[in-house]
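Peer 1: Sequence:
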Amino acid sequence: MPELPEVETVARGLQIAVAGRRIVSVTLRKTDFMDDPSAIERELPGKKIERVERYGKFMLLQLTGGEGKAAERHRVERGKKKILEEGEAEGSPRALLVHLGMTGNMTTHFAEQPLGKHTHVMLGLDDGRELRYTDARRFGRMAYLAGETLAAELRRFGADPLLASAEEFAELIRGSKARIKALLLDQSVVRGVGNIYADESLWSARIHPARSGASLSLKEAEMLRKMLQKILRKAIELRGSTISDFVDGDGLAGEYQQHHKVYGRDGQKCLRCGAKIKCMLVAGRSSHYCAVCQRAPRVARRKEKKTKRTRRVGTSKK
DNA sequence: CTCGATCCCTGGACGC
DNA sequence: TGCGTCCAGGGATCGA
1 MPELPEVETV
11 ARGLQIAVAG
21 RRIVSVTLRK
31 TDFMDDPSAI
41 ERELPGKKIE
51 RVERYGKFML
61 LQLTGGEGKA
71 AERHRVERGK
81 KKILEEGEAE
91 GSPRALLVHL
101 GMTGNMTTHF
111 AEQPLGKHTH
121 VMLGLDDGRE
131 LRYTDARRFG
141 RMAYLAGETL
151 AAELRRFGAD
161 PLLASAEEFA
171 ELIRGSKARI
181 KALLLDQSVV
191 RGVGNIYADE
201 SLWSARIHPA
211 RSGASLSLKE
221 AEMLRKMLQK
231 ILRKAIELRG
241 STISDFVDGD
251 GLAGEYQQHH
261 KVYGRDGQKC
271 LRCGAKIKCM
281 LVAGRSSHYC
291 AVCQRAPRVA
301 RRKEKKTKRT
311 RRVGTSKK
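Per this note's numbering, residue 1 is the first one in the first sequence, and the count goes up by one each step.
Since no wrong hints were added, every one of them can be taken at face value.
Here are the computed lysine to aspartate or glutamate pairs in the DMTMM-like style, where the Cα-Cα straight-line distance is at most 20 Å: (1) Lys177 <-> Glu167; (2) Lys219 <-> Glu168; (3) Lys276 <-> Asp266.
Note that these hints are calculated values from the structure, not bench results.
Let the sequences and hints guide you as you build the complete structure.
Peer 2: In structure tokens:
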């Protein structure tokens with residue numbers, strides 16, 4: 001499941017593999033995960049991939065230069081005013097935004113290699129290779145954005161956890177009554193953190209996932225920031241976590257899953273105190289924690305005792 | 001503002 | 001072996 005470290009891993013790989021290459025062709029299969037498939041078909045051919053970087057859980061393929069004939073015609077038709085409004089004037093930034101969702105990946109192939117079952121985008125490159133996007137569940141997203149549209153999209157997201165200062169982070173977290181786990185997962189608060197690294201950092205900082213952000217002391221907020229950064233850096237170093245099938249551009253699995261302290265360890269012993277690791281739903285996500293090391297807020301503690309098991313009956317159909 | 005519920009989607013795990 | 005069912009997860013959206 002690609003979170004910040006996994007996306008960083010893929011982005012770094014692609015920076016080496018495809019930066020400087022020009023896109024010569026675009027072939028799409030399923031397109032329901034794209035904002036505007038026709039824009040992708042129209043705008044990408046002729047563009048050069050200047051660089052590939054990570055933005056939260058997104059990859060940004062920064063594009064420059066040449067337009068396809070169709071794009072040129074399209075522009076002329078719309079007139080200059082409209083173009084400026086949409087921020088597509090000459091020299092304005094353009095990028096292909098790629099979110100890997102749960103099962104997405106982007107890798108280079110030789111054009112003659114057979115397509116995977118869930119490969120939905122093939123970008124032909126000027127050296128004969130293909131940059132392919134594969135995503136079984138299509139929880140990902142792909143969008144071609146430029147100028148102010150691109151800038152506005154990027155503004156929706158919060159701080160990069162690796163860059164956030166102590167003051168900024170504490171303010172973001174302590175300024176909300178929402179539960180800390182929900183805040184960590186909220187991309188408009190902090191960009192890039194998903195379920196695994198939220199649980200891992202909360203365990204390391206000894207903070208219960210159901211605590212309100214506002215209830216954290218300055219010291220706790222700073223501990224959380226430090227642990228989060230430490231964990232993310234280490235995970236990047238180890239090319240992320242491979243739970244089911246995540247691999248980087250070289251087909252290499254990540255190794256950070258071997259360092260998970262709580263995620264997926266429910267029922268096993270806490271590596272710090274030996275108590276049993278528990279799992280509860282917080283912010284709609286399974287949250288792994290140690291009830292001894294991470295002291296629960298009052299409300300949650302009461303709830304934990306009362307609530308046995310709320311099973312929902314599936315919506316049978318078909 | 002914050003919450004939970006629901007939907008999207010498919011592979012894999014599990015029960016029978 | 002082969003069904004059916006449930007579950008995972010990020011994010012959008014909607015109603016409470």
